[in-house]
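For this one, chain A is given, so just place chain B on it according to the hints.
Number of protein chains: 2
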Amino acid sequence: MQAGKPILYSYFRSSCSWRVRIALALKGIDYETVPINLIKDGGQQFSKDFQALNPMKQVPALKIDGITIHQSLAIIEYLEETRPTPRLLPQDPKKRASVRMISDLIAGGIQPLQNLSVLKQVEEEFQLTWAQNAIISGFNALEQILQSTAGTYCVGDEVSCPQVFLYYRFKVDCTPYPTISSINKRLLVLEAFQVTHPCRQPDTPTELRA
Amino acid sequence: MQAGKPILYSYFRSSCSWRVRIALALKGIDYETVPINLIKDGGQQFSKDFQALNPMKQVPALKIDGITIHQSLAIIEYLEETRPTPRLLPQDPKKRASVRMISDLIAGGIQPLQNLSVLKQVEEEFQLTWAQNAIISGFNALEQILQSTAGTYCVGDEVSCPQVFLYYRFKVDCTPYPTISSINKRLLVLEAFQVTHPCRQPDTPTELRA
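Chain order of the listed sequences is A and B.
Per the UniProt record's numbering, the first sequence starts with residue 1, numbered consecutively.
Per the UniProt record's numbering, the second sequence starts with residue 1, numbered consecutively.
The shape of chain A in the complex, shown without the other chains:
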């Protein structure tokens, strides 16, 4: 099925890129990383070459099987359909619905509001509060949902379509979210999360490496 290694256009700190890196790692798919620095050179995502690849001018984008897919969840669904083992979605349609609901809540309800392009439109002094508000309002909902869906991980005991919380970038206090926090802790120790961590990417600046 594969013609050459898949290429992932990624930024070390982008949580949507991280989500795809985790999926690739969980499925054991070997790939090359092309780093797109969202800040350097005024933002490499705005280059003509990258825009041709992803007109949304965002990472991640994945070149695979002769096509280019962007939008992290669309990429993960494609990987799941074409490389089903090990699976990232449960077998039961109701549980699959829970996974997608949680993924959409994070990827559609929280993250878009903290994107660099959006934050730039908010006055600098309010940017942190803006990002925090989005996270807090999303986490209030997520905590409540997870209380009825979670086992070891978000939905039952299988690691599913991975979710990653970059809340620490925006200094959100997670004390009110015990379920989110404990699932996050259990995920972060897994190998697929360790090797794909923002502090361990080809484009991670030396001072942020760990």
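Derived from the structure by calculation, the hints contain no laboratory data.
Heads up, a few of these hints could be off.
[Stated by the list, open to error] Stretch by stretch, here's where chain A covers chain B in the computed footprint (C-beta under 8 Å, at least three residues):
hint	stretch
1	51–62
2	107–120
3	125–139
[Stated by the list, open to error] Derived lysine-lysine pairs resembling DSS-like cross-links, with alpha carbons at most 27 Å apart:
hint	chain 1	residue 1	chain 2	residue 2
4	A	K94	B	K94
5	A	K171	B	K57
6	B	K171	B	K185
7	B	K95	A	K63
The beta-carbon is built from N, C-alpha and C at its ideal position, and this holds for glycine as well.
Using the frame of chain A, we list chain B on its own:
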């Protein structure tokens, strides 16, 4: 499979609610509508009863098969998995990826930025420009993507996971988007789009009915 009719919690003007109404109509699924007025009574989505149903305090939510699903795309994926005929996603995984990429672009890249709760955080005089910027930036990308994926509709010639553009609410000039505009025109004449149109809902105010 069904225990009673599905119940859709919907607001006539919510484009995410409309997306689910279209999916239900295309699949011929009979359902009841419970209108949630996002403005009246300070927003009925904030009521205790509704929050228990959807902690994100957003429409749509669908009660079906004994569960409640929110997030429009998660709902549509569930309908597709449990009621596969007629299908809303193409059979070919690459085309399915295109549909999901386009859906995520709209539902995750454009719509969250125009949500009532987000617009409220923007100073009133800038709200229209804010919403327009989000639509224009998304449409610039979408137009380019559709030029390579579209046939009669967004991906080839089958109506897929439905996308709906409420750009007219924010007075965006669509001249630069001939592909988006012509697909939209072709969709709007379909029966499933006609009967589910915001101007024809149980909760549509008389002055907006058509």
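Evaluation of the provided hints:
1. Beta-carbon proximity to chain A at under 8 Å applies to 5 residues in the stretch 51–62 of chain B; the threshold of 3 is reached and the given coverage holds.
2. For the stretch 107–120 of chain B, the assignment as covered by chain A holds, since 8 residues bring a beta-carbon within under 8 Å of that chain's beta-carbons and 3 suffice.
3. Residues of the stretch 125–139 of chain B with a Cβ under 8 Å from some Cβ of chain A number 4, which satisfies the need for three, so the listed coverage holds.
4. A threshold of 27 Å between alpha carbons decides the hint, and for K94/A with K94/B the separation of about 25 Å falls inside it, so the pair holds.
5. The suggested pairing of K171/A with K57/B holds, with an alpha-carbon distance near 24 Å, which does not exceed 27 Å.
6. Only pairs whose Cα atoms come within 27 Å are accepted, and K171/B paired with K185/B is accepted, the gap being roughly 17 Å.
7. For the suggested pair K95/B and K63/A, the alpha carbons sit about 15 Å apart, so the restraint of at most 27 Å is met.
Violated hints are absent here; each numbered hint is respected by the structure.
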